[in-house]
Amino acid sequence: MDLMEKNMELIEVQKLEGHTDRVWNAAWNPVSPILASCSGDNTVRIWEQSSLSRSWSCKTVLEETHTRTVRSCSWSPSGKLLATASFDGTTAIWEDLGDEFECISTLEGHENEVKSVSWNASGSYLATCSRDKSVWIWEVLGGNEYDCASVLNGHTQDVKMVLWHPTMDVLFSCSYDNTIKVWWSEDDDGDYQCVQTLDESTNGHSSTVWAISFNAAGDKMVTCSDDLTLKIWRADISMMHSGEGYAPWTHVCTLSGYHDRTIFSTHWSSDDIIASGAGDDAIGLFVESKQHDSVNGPSFNLLLKKEKAHEMDINSVQWSPSKENMLLASASDDGMVKIWQLETIP
Amino acid sequence: MVSGLINENPIVYEIKERRDVRAYSSNTDELSVDAIDQLEVFDILFVRLSNSKALSHHIRDIKDPEHPYSLEQLKVLTEDSVEVDDTKSHVRVTFTPTVEHCSMATIIGLCVRVKLMRSLPSRYKIDIRVAPGTHATEAAVNKQLNDKERVAAALENPNLVEMVDECLSPSFE
Numbered sequence: 001m002d003l004m005e006k007n008m009e010l011i012e013v014q015k016l017e018g019h020t021d022r023v024w025n026a027a028w029n030p031v032s033p034i035l036a037s038c039s040g041d042n043t044v045r046i047w048e049q050s051s052l053s054r055s056w057s058c059k060t061v062l063e064e065t066h067t068r069t070v071r072s073c074s075w076s077p078s079g080k081l082l083a084t085a086s087f088d089g090t091t092a093i094w095e096d097l098g099d100e101f102e103c104i105s106t107l108e109g110h111e112n113e114v115k116s117v118s119w120n121a122s123g124s125y126l127a128t129c130s131r132d133k134s135v136w137i138w139e140v141l142g143g144n145e146y147d148c149a150s151v152l153n154g155h156t157q158d159v160k161m162v163l164w165h166p167t168m169d170v171l172f173s174c175s176y177d178n179t180i181k182v183w184w185s186e187d188d189d190g191d192y193q194c195v196q197t198l199d200e201s202t203n204g205h206s207s208t209v210w211a212i213s214f215n216a217a218g219d220k221m222v223t224c225s226d227d228l229t230l231k232i233w234r235a236d237i238s239m240m241h242s243g244e245g246y247a248p249w250t251h252v253c254t255l256s257g258y259h260d261r262t263i264f265s266t267h268w269s270s271d272d273i274i275a276s277g278a279g280d281d282a283i284g285l286f287v288e289s290k291q292h293d294s295v296n297g298p299s300f301n302l303l304l305k306k307e308k309a310h311e312m313d314i315n316s317v318q319w320s321p322s323k324e325n326m327l328l329a330s331a332s333d334d335g336m337v338k339i340w341q342l343e344t345i346p
Numbered sequence: 001m002v003s004g005l006i007n008e009n010p011i012v013y014e015i016k017e018r019r020d021v022r023a024y025s026s027n028t029d030e031l032s033v034d035a036i037d038q039l040e041v042f043d044i045l046f047v048r049l050s051n052s053k054a055l056s057h058h059i060r061d062i063k064d065p066e067h068p069y070s071l072e073q074l075k076v077l078t079e080d081s082v083e084v085d086d087t088k089s090h091v092r093v094t095f096t097p098t099v100e101h102c103s104m105a106t107i108i109g110l111c112v113r114v115k116l117m118r119s120l121p122s123r124y125k126i127d128i129r130v131a132p133g134t135h136a137t138e139a140a141v142n143k144q145l146n147d148k149e150r151v152a153a154a155l156e157n158p159n160l161v162e163m164v165d166e167c168l169s170p171s172f173e
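Note that the protein sequences, when read in sequence, are chains A and B.
Per UniProt numbering, the very first residue in the first sequence carries number 1; after that it's consecutive.
Per UniProt numbering, the very first residue in the second sequence carries number 1; after that it's consecutive.
Treat each hint with caution, since some may be false.
[What the hints assert, rightly or not] Dumping the calculated DSSO-like pairs for lysine-lysine here, alpha-carbon to alpha-carbon at most 30 Å:
| hint | chain 1 | residue 1 | chain 2 | residue 2 |
| --- | --- | --- | --- | --- |
| 1 | B | 143 | A | 133 |
| 2 | A | 290 | A | 6 |
| 3 | B | 148 | B | 88 |
| 4 | B | 88 | A | 15 |
| 5 | B | 88 | B | 125 |
| 6 | A | 308 | A | 290 |
| 7 | A | 308 | B | 143 |
| 8 | B | 63 | A | 15 |
| 9 | B | 75 | B | 143 |
| 10 | A | 308 | B | 88 |
| 11 | B | 125 | B | 143 |
| 12 | A | 305 | B | 125 |
| 13 | B | 75 | B | 125 |
| 14 | A | 323 | A | 305 |
| 15 | A | 323 | A | 59 |
| 16 | B | 75 | A | 15 |
| 17 | B | 148 | A | 133 |
| 18 | B | 125 | A | 133 |
| 19 | B | 88 | A | 305 |
| 20 | B | 63 | A | 305 |
| 21 | B | 125 | A | 308 |
| 22 | B | 63 | B | 75 |
| 23 | B | 88 | B | 143 |
By construction, these hints were calculated from the structure, which means they are not laboratory data.
Take these sequences, add in the hints, and give me the full structure.
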């Protein structure tokens, strides 16, 4: 399907109101039609889609646990657990009990605000990062127990986001220090080391890197930054899968000129559309160009830019994992979460 | 008095005369009521939003964290400090710390940001920076002042909020 040849439009499906402060992050449950959002109002809201009316409503509010802004939330691969990272320095783990959610564990250790939390593909590890410049890896033990397995130092500033690779236990982090770091345990013994740093000298970003996202295959990655660009990277991961050692990430191309304010979020869909959300209140959608330039490598084109998608900065864009339709969730400083559908205009 | 002030002897300047609030509001033929201009941001006069309270809410009147003078009196902020583009909903404030190594620079910048956030419509994008060449760690200060997440976290610190509120409170009651 060559999307560039069709007339596409991002249609607003529904506006989810309820948060009383900016919404920092939205996360789709991997298995059910459920969306989690977290906010500066210290709460997490769980939105569920009605199977009858197809409309979304707030099923429950997770409150009275975090005492400060909840900055990000992430579902476990099974969809049964939700991890929430907060400025109060803790990461809470919630279990979906059907009628309600119960906080089953609280991970403490970071010295100050926790910015992001991520589950690995098998759900056996969690990673968190903080303004304290460190990245922590937690082991998921049985009986609601979580143990700190590793404290990774290396970033020289506030770490904004952590993300596990979709198929391998390789951890990625991005920071206010303008770099992206890759952490790997070569002997698979839980001893993680920084095996690569993507900085300005390797065509990296020139200001704070806010987010990372992988394509479904895990051989490409997109990052976004305060330097107003998105960067695409690739690695020969088949090399890693066959045990030939670490395959470094290399820069493919830089997408610039599309946003004139900080790009806070980016997400790569399973059908290869990259979404971006920025401080210019706009959502950008990008696809890989069909014209393969064998000299310069792949390039990406703007599919569409949705101006004024929100009334204020967009902090998070997330594609739904659902194969049925191309749904996108966005979260903003205006306190709203919006659900969009990417449609072809006849 | 208290030893260890960053700037023991600030230079205090004479401040320019204020525009009469009422005279401003009657000039609707010259200035569009909805447009926000440089002087307005400087004064934070919003005739349509506020009344007599406006007089006490000026960024020019933000108090220096260390001395009983306003940022205008210390020439930390002047009218030229403010660049406004109302159609783009963008404002940039450039301030001049009194001393090159002024560690109060981040507090001052934060006060200006908070004042503007509280006074301008939410559609506004606000950039704050120190005047180029006036601070030893200019890039570092500017980066912190413009990192939305860092500002949000800082404003959840009650001690910092108290300090900011003190600087933003009117000098007279």
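- Item | Which numbered hints fail | Hint check: 8, 16, 20 fail, others pass.
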